[in-house]
Amino acid sequence: MRYSYKVWVADGKEHFEYGNEQKKKKDLPFGTSLMELLYWDVWAYGELFDGMGKALMELYSSKEQRYAEEVMSALDTIATKHIYFELLRLEWRDRLEQAKRQNYENVLDLLPRKELTRIPATVSTMQEQIKTLFAHVLDLDTSPKEWVQKKMVRYYNYRGDDQLNTFQFQPQPMSFEVIDRKTFTEVLYPKNIYDMIDYFVREFVKQEQPVRICKNCKRYFVLSGRSDAEYCNRPIDDKGRTCRDLGSIKAWTEKRKDDDVFKVYRREYKKRFGWIRAGKIEQEKFYAWSEKAREEKAKCDAGEISLQEFMDWLTKS
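Here the sequence shown is numbered in the working numbering, starting from -4 and rising by one per residue.
Check each hint, because a few of them may be wrong.
The calculated label-pair distances, taken between Cβ atoms and stated as ranges, are [claimed, not checked]:
#	residue 1	residue 2	range
1	Gln144	Ala116	18 to 24 Å
2	Gln60	Lys145	30 to 36 Å
3	Arg229	Pro139	26 to 32 Å
4	Arg221	Thr137	26 to 32 Å
5	Ser68	Tyr153	31 to 37 Å
6	Thr178	Glu42	49 to 55 Å
7	Tyr55	Thr137	30 to 36 Å
8	Glu299	Lys20	20 to 26 Å
9	Ala39	Gln60	27 to 33 Å
10	Asp254	Tyr184	39 to 45 Å
The list that follows gives simulated cross-link-like pairs (lysine to any residue, SDA-like), each with its CA atoms no further than 25 Å apart [what the hints assert, rightly or not]:
#	residue 1	residue 2
11	Lys8	Lys19
12	Lys245	Ala283
13	Lys20	Tyr(-2)
Honestly, the hints are just simulated from the structure, not real lab data. Glycine residues also receive a C-beta, built at the ideal position from the N, C-alpha and C atoms.
Required output: the full structure, derived from the provided sequences and hints.
This is the structure:
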C-alpha cells in the first residue's frame, strides 16, 4: 500500500491527513463532515458509479489501459465531492496500479466492481439509519430527556437486530499515538469510507453531541454553544446568506408585525424611497429626511411623543 489516510478529533475539530509521498491535511469544525454526508445526494452520482462498474467489466476482458483511466477519472470527480471519498480515490488508484503491474491478469478480486457500484445504495441506507439514531438519542427536541448512555441502551436493545434500519457499529482500525507536541489521542486508519462514517457517528455519541432540525431547511445541524439555536449556518442563496440569517430576519419581522409605530414609519419610508426613482426627490434630501424620521420614531418609541404626533410629523415633513 503506497498511501496513508488517518483521521482524528482534537480541540473541537476533525483532522484528516492523507496522500502518497506528499501528505495533505484538512481540518474541519467537529461534526462538519458527517453533517455534509448526511444530506449529500449520493444518487446524483449513481450513473458515475455505474459507469465505473461498466469500465471495470471491460477492463476484465480487454485488459486495455483506457478503461482503468476511465475509472480513475471518475474517482477524481467523486473525491472532490466529499472528504471521505479522498480515501476511495487513493485506495483504488493503488489497486489499479497494482493491476497494471499484473497486466490486468486475474484482477477480479483486486478490482471488485460491486464494491463501487453498491456505494450509492449503502451510503443512502446509512444516511437514513443515522437520522433515525439522532432522532432517538441526540435530538434535543425528539429524544427523551435522559442520559445518552441510557437512550443508546434502550434504542439498541429494542432496534439493534433490525440491521436494515438501525445503524450497525463495526470494529474500528484504531491507533493511540502522538499527533503533535500537544496531542496524544485515538487515530482512525480507515480501510474504507464506511469506517469514517462509523467513526464520526460514535464520536457524536461519545461526546453526547446534541443536534436539532433547522426550522428553515429541515436538516439536522450540530448545536455548539447555545442549545436554543433554531437555525443552522448552511448557505441558502448565492448571496451567501444562511438559514440563521433568515431566522434573524423572520424573528425581527415577527417582532415588528404588531409595532404600529414601525408600520407607519416603514410605509412612509418606502413611499419616499420610491420618489427617488420617480425623480420627485433628490437622494441627499431623502437621506436627510430619513435621518430625521428615525429620530422622531425613536421619540415615539420612548413615549416622548404620541403615535398621532409622529404621524402628523410624517405628514408635514
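Are the Cα atoms of Lys20 and Tyr(-2) separated by 25 Å or less?
-> Measuring from Cα to Cα gives roughly 14 Å; hence the hint holds.
Could you say whether the range 20 to 26 Å given as a hint is met by the Cβ separation of Glu299 and Lys20?
-> violated (60 Å)
Taking only the CA atoms, is the gap from Lys245 to Ala283 under or equal to 25 Å?
-> Cα-Cα ~29 Å, so violated.
Satisfaction of the hinted span 26 to 32 Å by the C-beta atoms belonging to Arg229 and Pro139 | holds (27 Å)
With respect to the beta-carbon atoms only, verify the hint that Gln144 and Ala116 lie 18 to 24 Å apart.
-> Given about 32 Å between the Cβ atoms, the range is violated.
Could you say whether the range 30 to 36 Å given as a hint is met by the Cβ separation of Gln60 and Lys145?
-> Given range 30 to 36 Å: violated, Cβ gap about 57 Å.
Holds or violated: 31 to 37 Å for the Cβ distance of Ser68 and Tyr153?
-> violated (46 Å)
Range hint 26 to 32 Å (beta carbons of Arg221 and Thr137) holds or violated = 19 Å Cβ-Cβ, so the 26 to 32 Å window is violated.
Is it true that Thr178 and Glu42 lie within 49 to 55 Å of each other by Cβ?
-> Since the Cβ atoms of Thr178 and Glu42 sit about 42 Å apart, the hinted range of 49 to 55 Å is violated.
Determine whether the Cβ-Cβ distance between Tyr55 and Thr137 falls within the hinted range of 30 to 36 Å.
-> violated (48 Å)
Do the beta carbons of Asp254 and Tyr184 sit within 39 to 45 Å of each other?
-> violated (59 Å)
Does the structure keep Lys8 and Lys19 at a Cα separation of 25 Å or less?
-> holds (16 Å)
Hint compliance for this structure: hints 1, 2, 4, 5, 6, 7, 8, 10 and 12 are broken, all remaining hints hold.
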